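J.: Please work from the sequences and hints to get the whole structure.
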Amino acid sequence: MSEAYSRAWQGSISDREAFWSAAAGALDWFTAPAAAHDPEKGWFPGGSLNTCHNCLDRHVAAGRGDAIALAYDSPVTGTIRRYSYAELLEETGRVAAMLAALGVGKGDRVVIYMPMIPETVFAMLACARLGAIHSVVFGGFAPLELAKRIDDATPLVVLTASCGIEGSRTIAYKPMVDEALRLADHQVERVVLLQREQLRGDLGGPRDVDWQALRTATLGAPAPAPVPLASDDPLYILYTSGTTGTPKGVVRENGGHAVALAWSMTNIYGISADDTFWAASDVGWVVGHSYIVYAPLLVGATTVLFEGKPVGTPDPGTFWRVIDRHGVKTFFTAPTAIRAVRKEDPDATFLKDIGTGDCRAIFLAGERADPDTIGWLEDKSGLPVIDHWWQTELGWPAIASCFALGDLRRKRGSAGFPVPGYEFAVLDESGHPVEPGHSGAVVIREPLAPGAFRTLWNNHAGFAKNFATFPGWYETGDAGFIDDEGFVHIMGRTDDIINVAGHRLSTGQMEQIVASVDGVAECAVIGAEDAIKGMIPVAFVVARAGANEAALHDAAIAAVRAELGAVAALKTCYVVPQLPKTRSGKILRNLLRKIVNGEDFTTPPTIEDPGVPALLVDAVRGKLPA
Numbered sequence: 178m179s180e181a182y183s184r185a186w187q188g189s190i191s192d193r194e195a196f197w198s199a200a201a202g203a204l205d206w207f208t209a210p211a212a213a214h215d216p217e218k219g220w221f222p223g224g225s226l227n228t229c230h231n232c233l234d235r236h237v238a239a240g241r242g243d244a245i246a247l248a249y250d251s252p253v254t255g256t257i258r259r260y261s262y263a264e265l266l267e268e269t270g271r272v273a274a275m276l277a278a279l280g281v282g283k284g285d286r287v288v289i290y291m292p293m294i295p296e297t298v299f300a301m302l303a304c305a306r307l308g309a310i311h312s313v314v315f316g317g318f319a320p321l322e323l324a325k326r327i328d329d330a331t332p333l334v335v336l337t338a339s340c341g342i343e344g345s346r347t348i349a350y351k352p353m354v355d356e357a358l359r360l361a362d363h364q365v366e367r368v369v370l371l372q373r374e375q376l377r378g379d380l381g382g383p384r385d386v387d388w389q390a391l392r393t394a395t396l397g398a399p400a401p402a403p404v405p406l407a408s409d410d411p412l413y414i415l416y417t418s419g420t421t422g423t424p425k426g427v428v429r430e431n432g433g434h435a436v437a438l439a440w441s442m443t444n445i446y447g448i449s450a451d452d453t454f455w456a457a458s459d460v461g462w463v464v465g466h467s468y469i470v471y472a473p474l475l476v477g478a479t480t481v482l483f484e485g486k487p488v489g490t491p492d493p494g495t496f497w498r499v500i501d502r503h504g505v506k507t508f509f510t511a512p513t514a515i516r517a518v519r520k521e522d523p524d525a526t527f528l529k530d531i532g533t534g535d536c537r538a539i540f541l542a543g544e545r546a547d548p549d550t551i552g553w554l555e556d557k558s559g560l561p562v563i564d565h566w567w568q569t570e571l572g573w574p575a576i577a578s579c580f581a582l583g584d585l586r587r588k589r590g591s592a593g594f595p596v597p598g599y600e601f602a603v604l605d606e607s608g609h610p611v612e613p614g615h616s617g618a619v620v621i622r623e624p625l626a627p628g629a630f631r632t633l634w635n636n637h638a639g640f641a642k643n644f645a646t647f648p649g650w651y652e653t654g655d656a657g658f659i660d661d662e663g664f665v666h667i668m669g670r671t672d673d674i675i676n677v678a679g680h681r682l683s684t685g686q687m688e689q690i691v692a693s694v695d696g697v698a699e700c701a702v703i704g705a706e707d708a709i710k711g712m713i714p715v716a717f718v719v720a721r722a723g724a725n726e727a728a729l730h731d732a733a734i735a736a737v738r739a740e741l742g743a744v745a746a747l748k749t750c751y752v753v754p755q756l757p758k759t760r761s762g763k764i765l766r767n768l769l770r771k772i773v774n775g776e777d778f779t780t781p782p783t784i785e786d787p788g789v790p791a792l793l794v795d796a797v798r799g800k801l802p803a
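With our numbering, letter number 393 in the sequence shown gets 570, and the count goes up by one each step, no holes.
Calculated directly from the structure, the hints in this document are not laboratory data.
There may be inaccurate statements among the hints.
Unchecked claim - Simulated restraints on C-beta separations: (1) Gln755 x Lys710: 25 to 31 Å; (2) Ala727 x Leu380: 52 to 58 Å; (3) Ala212 x Arg377: 48 to 54 Å; (4) Gly788 x Leu560: 31 to 37 Å.
Since the model is a prediction, treat every value here as computed from it, not as a measurement.
C-beta atoms are modelled at their ideal positions from N, C-alpha and C, and glycine is treated no differently.
T.: As structure tokens, then:
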């Protein structure tokens, strides 16, 4: 254990007031906080600041206006564009002026339904500048789901673009916005449409406004000054799927968010001013909010905005090309993206040819990183590959190896150690701590660290449920264990623990075994209903390029039996072309369960490829190899 990590974690738990007060000193405050924490008011009560000011204005005022803030790299359009801090401040000010002209001010909501383009970043920062609350919804998200978010957030304005580009597909956004507004009860005052040359949209309705025309009309207006905001004023609402079908609006507050993200960049990722950081995510997800837009800019770094895919735009070398081109120092992506690259280029030919430039570490999150994928990437890249864990609700990492604190302890299959600010436990169903190595519910002691949610939009009762099962603890919804060395292992959601003839088994553990089978590109194991044993595990496997697909069924079953014994009862393995995944790379295991159990299902709005469920139904019915 590094002394720097140990000192930081112990200090954050034993004297959080001193620890987080010191961290808050990295930011500009219009009014200094009265304290670090208050049980009622949350983090940094009495303090006022503006997140956009901390991301842009203060760096320009410090003489760093010429430093590169944003590097936009779009292989799908063949565009590379770089913005200095001064240019990003100018563009953000222009969008803030546009919004102000439409009557948007402090506390108003703005829905942003846009692709991975610079204007999306301008819009998010412009909302932060005005004190408006942005809610970014994935461009291309289904109209009904967009309508639900519009009804919950009740925005004054929707900002959108004419299209997005998903690999080789161009997707029209404006018709989906129009349909969403037809379905929604709440009606917005304006829809501002940015036209893209790849596909233009219709400006037909009375509330439709052309982005460029509005920008031109407001050029004479001064850019609005950053509005002082209380630490607990909301910065944004980010919706995550709810168990009832109603989306949950996670509310992020300005003060704790800015302090936590700035601390994390320096102490977890090792990024400071003039370094380049790349999170290969989407701004529709929390990773995109935290580590594409806000965190790198808070510390004066360069952030990469990537419009493309890990494969196919144009090839499996895209990641390494972007890392090399922009001098990326720390890279952050999802395990599923690395599995996709490995599937297309198992010998890492592109990686060998291109290299990793100035990159010092690769971080993975978003989906559990199986040891085999970590091992492959470390071997081929020669870099430390650090799995870490967090949630939309938390907003930044809670379990990691704090690379910048000199803590490079890693164990494949574990997300690392508690990040300073977080105290973990694993509890049984009665709320008692389990022995090291034993599985249970993963929980975090109250109060949650700065940056974590303190409510859900319009649903504080729903927020409180997260603390009801284990009083004094936040229930993460994940199952896992802490081993005798202190490594925290997240094995999957608590509903991924299955009971096979009285034996509690982790499908995550089985996935780890199946993933290590030679020829497996990626896999999922779920629990299916069984009349005799209650539940049985069923595996889905995607073959790596050139693998013997016919042999994978038996190899996967044999591997699980060899490691876990016959009690695991894995007897069914489907070899399929693809797994159903969200656009962030999470495997839709609940959909797999319904397909295997023969239940009715609807294709989730978050799915990346709507054609995959039909392939899986065919596999289960014996129309594909099994």
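J.: With reference to the structure, classify each hint as holding or not holding.
T.: Hints, verified against the model:
1. With their beta carbons about 29 Å apart, Gln755 and Lys710 fall inside the hinted range of 25 to 31 Å.
2. As the Cβ distance of Ala727 to Leu380 is approximately 55 Å, the hint placing it in 52 to 58 Å holds.
3. At roughly 53 Å, the beta-carbon separation of Ala212 and Arg377 lies within the given 48 to 54 Å, and the hint holds.
4. Between Gly788 and Leu560 the beta carbon distance is about 35 Å. The supplied range of 31 to 37 Å therefore holds.
Hint compliance for this structure: every hint is met.
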